[in-house]
Amino acid sequence: MAKELINKKDISRILSRIAHELIEKNKGTENLCLVGIHRGGVYLAKRIALKIKSIENVDIPVGSLDISLYRDDIGLRKEHPIVRKTDIPFDIADKKVVLVDDVLFTGRSIRAAMDALMDIGRPAQIQLAVLVDRGHRELPIRADYVGKNIPTSMTENIEVQLEEEGLSDSVVLVDRSLIVVNE
Amino acid sequence: MKDLVGIKEISREDIELILNTASSFRDILRRDIKKVPTLRGKTVVNLFFEPSTRTKTSFELAEKRLSTDVLNFSVPTSSVVKGESLFDTIKTIEAYGVDYIVIRHASSGATHFIANNVNASVINAGDGINEHPTQALLDAFTIIEKKERLEGLNVAIVGDIIHSRVAKSNIYCLTKAGAKVRLIAPPTLIPPYVPEGVDVFYSMEDGLRDVDVVMMLRIQMERQGKGFFPTTGEYFRLWGLTMERLKLAKNDAIVMHPGPMNRGIEIASDVADCGQSVVLEQVTNGIAVRMAVLYLLGGSRENG
Amino acid sequence: MDKRILVQGGHIIDPSQGIDGIGDILIEDGKIVKIVRQSDRATVNKEKDNSLKNYRTAALPHCCTIDAAGLYAMPGLVDLHTHLREPGFEHKETIKTGTGAAVRGGFTSVCCMPNTNPVNDNKTVTEFILRTTYAEGECFVYPIGAITKGQKGEELAEMGMMREAGCVAFTDDGRPVMNSLMMRRALEYSKIFNAPIISHCEDIHLSEGGLMNEGSLAAFLGLRGIPAAAEDVMVARDILLAELTGGRLHIAHVSTEGSVRLIREAKKRGINITAETCPHYFSVTEKAVEGYNTNAKVNPPLRTERDVEAVKEGLQDGTIDVIATDHAPHHRDEKLQEFDKAPFGISGLETALSLSLGLVEQGVLDMNRIVEKLTYNPSKILGISKGSLMAGSVADVAIVDPAKVFDIDAGRFLSKGRNTPFDGWRLKGRVVMTICRGKIYDWRMDE
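Protein sequence lines, in the order shown, are assigned to chains D, V and P. Just so we're aligned: the first sequence equals residues 1 to 183 in our numbering. Just so we're aligned: the second sequence equals residues 184 to 487 in our numbering. Just so we're aligned: the third sequence equals residues 488 to 934 in our numbering.
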């Protein structure tokens with residue numbers, strides 16, 4: 001059973017708003033860069049960069065980050081997750097890195113992402129932008145820019161479907177107590 | 184997949200997965216901080232019954248880069264010399280609570296034996312004249328890095344094939360991936376049975392034509408005395424890879440060697456250092472590939 | 488050297504071209520220009536080919552005409568198995584004297600064995616032999632390299648480089664390669680050089696201490712014997728190794744009934760082997776040793792009647808492809824010793840052809856087949872372009888008088904080695920002239 005919570009148009013508006021907030025909070029785009037977390041965060045980061053371009057006419061560097069190697073649950077899994085490409089083709093030293101993810105949940109992915117970033121370089125600041133915050137933090141992690149707060153229960157799941165993956169833009173709530181969802 | 188005992192036992196898909204994963208690990212090796220915490224808390228034992236500097240170092244580095252705890256078990260200093268059987272040795276090691284065993288042994292099939300008798304993940308670093316799978320994987324990785332594919336490439340393996348586990352693993356790996364393999368060696372160094380689809384040449388001049396990859400094997404000096412060829416001088420004269428012979432291959436052919444090289448015996452010095460030689464890249468890629476293997480094998484079954 | 492030579496009216500035998508009949512051989516500048524058969528002469532006369540007509544009328548300068556009526560003219564003989572002893576044993580023979588003896592025997596190409604001192608197990612010795620031949624030799628010399636270093640049977644010799652330097656085959660002759668694994672490697676390794684491995688088949692443990700053929704005569708003379716099995720055992724082994732490896736094997740100096748049988752059967756099975764025998768193995772038996780005649784001491788030893796018959800049958804049915812001399816000259820002093828101290832060997836270059844003609848006399852083989860085994864077959868086995876009178880070939884011709892009766896006189900041999908059991912034998916048929924590279928050696932005036 002799936003229920004659409006945010007439709008395509010709203011997703012676009014949210015991203016525009018986040019873009020504006022980014023520019024405002026950082027007083028411009030200087031030293032700013034975006035790093036999307038695989039997989040959803042990568043597409044969103046690119047979109048935000050485009051929005052920023054249309055607002056400020058500036059190209060912000062965008063990178064992608066794979067966090068599989070920094071997960072804290074590797075020993076608990078049967079098989080290790082597939083490692084994807086980490087592609088950050090610019091120096092992050094002394095930059096303000098804005099991590100972008102689709103859903104903020106326990107906060108462990110963000111913790112892993114920060115550890116990965118630290119091993120790549122020493123940013124001046126790390127900020128966090130997420131499309132959806134669904135609550136249930138297990139670590140003291142918060143997002144600087146939130147698209148939408150959607151409280152959920154533990155049997156529910158938030159799925160962010162994006163055009164880049166061949167689906168149409170949509171944020172969907174799935175009730176796992178009724179359907180088996182593949183991880 | 185609990186163990187990596189040989190290329191014979193894994194599929195083309197497995198090979199692709201390992202190589203794709205290795206690609207990410209190779210990027211990590213280019214960073215300043217070449218370490219990831221991925222296998223933190225896991226323990227690896229390097230169990231080398233045959234001497235090895237390069238492979239052992241490569242594995243050790245891979246293990247450390249993944250933040251594992253590394254134990255080195257070297258035969259002359261071990262209880263095996265006191266007469267302990269291989270079975271007891273590995274059971275003792277298992278009792279220490281290790282997650283991975285990397286094993287090199289002089290007996291073909293020793294790795295299978297160990298893998299069947301321990302819960303830990305076992306990785307074959309070379310067993311007798313059977314296989315050396317991580318070498319074949321890093322060779323495949325290196326080829327793909329330069330040629331963007333394996334399928335349809337002409338690969339020539341040159342040298343002491345009959346005694347080489349590197350050759351065997353490479354033959355299996357390359358044929359599984361769709362490359363066209365040929366062997367070049369004096370008749371005394373070609374195995375009596377060659378897999379179907381693999382061509383045999385006794386002359387460099389015939390065998391190197393149109394080749395995309397020249398994979399050289401090390402000539403062991405001991406072979407000279409046993410009648411496989413008369414002298415290293417004659418070997419170099421007839422089968423040494425010189426610049427003239429390399430010109431018979433394609434213009435952009437690459438030259439590979441698992442190391443250590445015998446300059447002036449199987450390979451001319453100027454070829455070893457020329458632009459087409461990817462020998463040093465093989466070394467770097469070896470660490471990335473071994474990291475990928477460790478990562479994908481998932482550690483001890485007990486945790487599954 | 489005469490620029491133009493016409494060998495006129497001889498009975499030409501050239502198995503390589505299937506020629507067996509009267510004709511003329513035209514030679515110019517050391518090469519064979521043409522063979523004109525008697526049957527073709529009529530057409531020739533009508534031809535506008537003036538050069539031919541001119542030959543016949545000797546109108547051209549520097550033309551030498553040899554009247555070969557009543558004589559055989561055949562390609563210069565090719566000896567697969569000669570010991571020229573140089574470098575190292577020049578007191579027994581030198582390249583100069585050995586090739587001189589060869590030419591007297593009608594041989595224009597000889598293959599010299601590597602058991603010299605130093606052994607020919609590397610290209611330097613090979614090059615020395617070829618250089619010396621070029622400077623002093625009377626005929627062509629094709630060096631045969633050693634299989635193992637020093638012929639010790641332990642490590643392979645540099646066959647590739649020797650082949651490049653000019654060796655046409657490899658052997659440890661004088662000794663066998665006892666270690667079967669080494670023989671296997673040798674057959675495998677040499678495959679790619681297209682050069683046969685010539686095997687001296689002798690199990691040195693079985694033949695240990697032996698001086699003549701093992702049998703009742705040896706017992707009677709109180710001499711230790713070499714059993715036929717010592718040869719047969721190694722022939723069998725080598726045949727099986729040739730089968731296993733696909734290498735090219737040639738069996739040297741076949742002397743026993745057992746060897747002939749094994750080789751015959753192996754050929755039937757399609758195994759790629761060839762074999763040679765020597766004139767002494769079809770002309771004389773162990774009886775020649777009687778009286779402790781060291782000139783009859785040879786390895787393999789002279790055998791029994793049955794073996795002699797078997798060798799003849801082997802020649803007849805093609806089991807044995809080649810007649811070679813195994814020319815093994817020794818210094819007079821060496822053969823002038825107690826039987827067990829004297830070295831093995833028979834000086835054979837100057838008697839081979841005449842002894843072989845004996846087989847024609849006995850009806851064992853016809854002239855054609857004899858000539859084939861002395862010229863064309865050895866050339867084929869070695870892959871050299873000799874043993875043929877084809878147009879364009881080097882002018883190597885042997886001219887034989889089949890009617891000439893003579894007594895073998897070792898004292899007048901051109902070879903330094905006078906050691907032959909055939910001294911004093913009266914034979915019919917002799918080489919009376921040899922042309923080598925267009926140079927004429929004329930012995931028609933010899934007795």
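Fair warning: there could be bad hints in the mix.
Under 8 Å between C-beta atoms, here's a sample of chain P residues computed to sit facing chain V [unchecked claim]: (1) Glu642; (2) Ala644; (3) Glu645; (4) Met648; (5) Met665; (6) Leu668; (7) Arg672; (8) Lys678; (9) Ile679; (10) Leu693; (11) Glu695; (12) Tyr928.
Far from chain V by the CB rule (all over 10 Å, computed), these chain P residues [to be verified]: (13) Lys636; (14) Met646; (15) Met669; (16) Thr732.
Since the hints were derived computationally from the structure, they do not count as laboratory data. C-beta: ideal position from N, C-alpha, C; glycine also.
Hint check:
no., hint, result
1, Glu642, "holds (6 Å)"
2, Ala644, "holds (5 Å)"
3, Glu645, "holds (4 Å)"
4, Met648, "holds (5 Å)"
5, Met665, "violated (13 Å)"
6, Leu668, "holds (7 Å)"
7, Arg672, "holds (4 Å)"
8, Lys678, "holds (5 Å)"
9, Ile679, "holds (4 Å)"
10, Leu693, "violated (23 Å)"
11, Glu695, "violated (24 Å)"
12, Tyr928, "violated (39 Å)"
13, Lys636, "violated (7 Å)"
14, Met646, "violated (6 Å)"
15, Met669, "violated (5 Å)"
16, Thr732, "violated (8 Å)"
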